[in-house]
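K.L.:
Residue strings, one per chain:
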Amino acid sequence: GAVVSQHPSWVICKSGTSVKIECRSLDFQATTMFWYRQFPKQSLMLMATSNEGSKATYEQGVEKDKFLINHASLTLSTLTVTSAHPEDSSFYICSARDLGREGETQYFGPGTRLLVL
Amino acid sequence: AQKITQTQPGMFVQEKEAVTLDCTYDTSDPSYGLFWYKQPSSGEMIFLIYQGSYDQQNATEGRYSLNFQKARKSANLVISASQLGDSAMYFCAMRLPGKLIFGQGTTLQVKP
Numbered sequence: 112g113a114v115v116s117q118h119p120s121w122v123i124c125k126s127g128t129s130v131k132i133e134c135r136s137l138d139f140q141a142t143t144m145f146w147y148r149q150f151p152k153q154s155l156m157l158m159a160t161s162n163e164g165s166k167a168t169y170e171q172g173v174e175k176d177k178f179l180i181n182h183a184s185l186t187l188s189t190l191t192v193t194s195a196h197p198e199d200s201s202f203y204i205c206s207a208r209d210l211g212r213e214g215e216t217q218y219f220g221p222g223t224r225l226l227v228l
Numbered sequence: 009a010q011k012i013t014q015t016q017p018g019m020f021v022q023e024k025e026a027v028t029l030d031c032t033y034d035t036s037d038p039s040y041g042l043f044w045y046k047q048p049s050s051g052e053m054i055f056l057i058y059q060g061s062y063d064q065q066n067a068t069e070g071r072y073s074l075n076f077q078k079a080r081k082s083a084n085l086v087i088s089a090s091q092l093g094d095s096a097m098y099f100c101a102m103r104l105p106g107k108l109i110f111g112q113g114t115t116l117q118v119k120p
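Sequence lines, in order, name chains A and B. Take any residue in the first sequence, note its place counting from 1, add 111, and you have its number in the numbering used here. Take any residue in the second sequence, note its place counting from 1, add 8, and you have its number in the numbering used here.
Pulled out of the complex, with its shape left as it was, chain B reads as follows (with noise of 0.2 Å):
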């Protein structure tokens, strides 16, 4: 089954340090692509970062990176020197053929 879960319902974060969002996934195919999105109060979802199943390196994007363990299937999301403004939903999600699908989301709250 082509799944995607996130187990972290809620995090908290001291401002100016660094967070780890859990992603894991299960699919059979060997071509995918994993992402995460971020979704503040106003409710627009943000493209982060992109990782493909045959990049040999972890994305990085600016402050973002993906801890991407292919064995393991998991693709965590990795914010450092977390800033008030990080605080917000953030989803991981799945690109099958044709559709994305979205992991249950994890509210992360950034404390000053």
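Next comes chain A alone, as it looks inside the complex (with noise of 0.2 Å):
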């Protein structure tokens, strides 16, 4: 089946630096991946969308600077939290869509938990 995976899993560090989380499509290639944060018992909210080769499209009220996403070859996309403050920490979750799959299904990576000092 399609896999995704997300590094890294953990993540603690300090107020005012960055972190850097990778997001890749193990077995097949996605144009397309999408970027959610989830607080705990809640619902997934999309971020942004990374398109490969072209800009992400951030959702409302998503701070492009503040979470840079970088999509650059058709496995991997990237999303750095420039400056993390503590009410950034969060549950980071990454998808990747699959074109060849039926109803284009989103297959999603493990996560990343953040903890911001």
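Treat the hints with care, since some could be wrong.
Said to hold, decoys possible - Derived pair list, reagent style EDC-like, types lysine to aspartate or glutamate, alpha-carbon separation capped at 20 Å:
#, chain 1, residue 1, chain 2, residue 2
1, B, LYS107, B, ASP34
2, A, LYS152, B, ASP94
3, B, LYS107, A, GLU213
4, B, LYS107, A, GLU174
5, B, LYS11, A, GLU170
6, B, LYS107, A, GLU215
7, A, LYS152, B, ASP30
Stated by the list, open to error - Each pair of labels, with its calculated beta carbon distance range:
#, chain 1, residue 1, chain 2, residue 2, range
8, A, GLU133, B, GLU25, 39 to 45 Å
9, A, GLN140, B, SER39, 20 to 26 Å
10, A, ILE123, B, LYS81, 42 to 48 Å
11, A, GLU133, B, LYS81, 37 to 43 Å
12, A, GLY164, B, PRO105, 17 to 23 Å
Everything labelled a hint here was simulated from the structure, so no lab data went into it. Positions of the beta carbon are idealized from the N, C-alpha and C atoms, including for glycine.
Build the complex from these two chains, which are given one at a time in their own frames, with help from the hints.
P.N.:
Written out as structure tokens, the structure reads:
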């Protein structure tokens, strides 16, 4: 089946530092990947759509200078949380859309838990 | 407005029994897709089942089936013969052009 990996799974950092999270599609090419944020016991909130070779599309209210997205290849997208603050602590999860699957199913990475001290 | 709604914050089911998780949606687009995902405590989102708006038959995948009632705009997930490992949060999602939108989620607990 379609596999998406995400790295790191856990990160603890000091306030003011930047954190990079990688999302890779392992067995399919993904022209589009998505980045979500999830707070405990809540639903997933779409942050941005990452398009290979072009700029990301950000959802309303998401600061593009705060959350930098790069989709450098058909299998890799990165999210960089710049100058992280405690309020950025959350669960970040990426997905990749497999156009070859029925319904263009999105497959998700295992997520990254970010804790900013 | 395009919206997806799960009205059951939490559900309990006895092991080996069947359970139905509710999902209703609203869209004016005649072409759409509906998905169910499972999220265990580890956090990963596991794809369970997909139903396209033009599909004539209800989707089934092993113990999972989707009760698709287009006129009522509902896409309920039925899990048969519940297992302890089914305890998790379940999300219904609808594909819009370019993205998915998710319901609020239902936490399912399977009792031994």
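K.L.:
Each hint: holds or not?
P.N.:
Hint-by-hint comparison with the structure:
Of the supplied pair hints, the one linking LYS107(B) and ASP34(B) holds, its CA atoms being roughly 15 Å apart against a limit of 20 Å. Among the hinted pairs, LYS152(A) with ASP94(B) is consistent with the structure: their alpha-carbon atoms are about 17 Å apart, no more than 20 Å. Note on LYS107(B) and GLU213(A): the hinted pairing holds, with a Cα-Cα distance of about 15 Å set against a maximum of 20 Å. Under the criterion of a C-alpha separation no larger than 20 Å, the hint pairing LYS107(B) with GLU174(A) is consistent with the structure, at around 19 Å.
The hinted pair formed by LYS11(B) and GLU170(A) meets the criterion: a straight-line CA distance of about 16 Å does not exceed 20 Å. Between the alpha carbons of LYS107(B) and GLU215(A) the distance comes to roughly 10 Å, so the proposed pair stays at or under 20 Å and holds. For a cut-off of 20 Å, the pair hint linking LYS152(A) to ASP30(B) stands: about 18 Å separates their Cα positions. Range check, GLU133(A) to GLU25(B): about 41 Å between beta-carbon atoms, so the 39 to 45 Å window is met.
Under the hint 20 to 26 Å, the C-beta atoms of GLN140(A) and SER39(B), about 24 Å apart, fit the expected range. For ILE123(A) paired with LYS81(B), a C-beta distance near 43 Å keeps the hint of 42 to 48 Å intact. Evaluation of the 37 to 43 Å hint for GLU133(A) and LYS81(B) yields a pass: the beta carbon distance comes to about 38 Å. A C-beta distance of roughly 20 Å is found between GLY164(A) and PRO105(B), which places it inside the suggested range of 17 to 23 Å.
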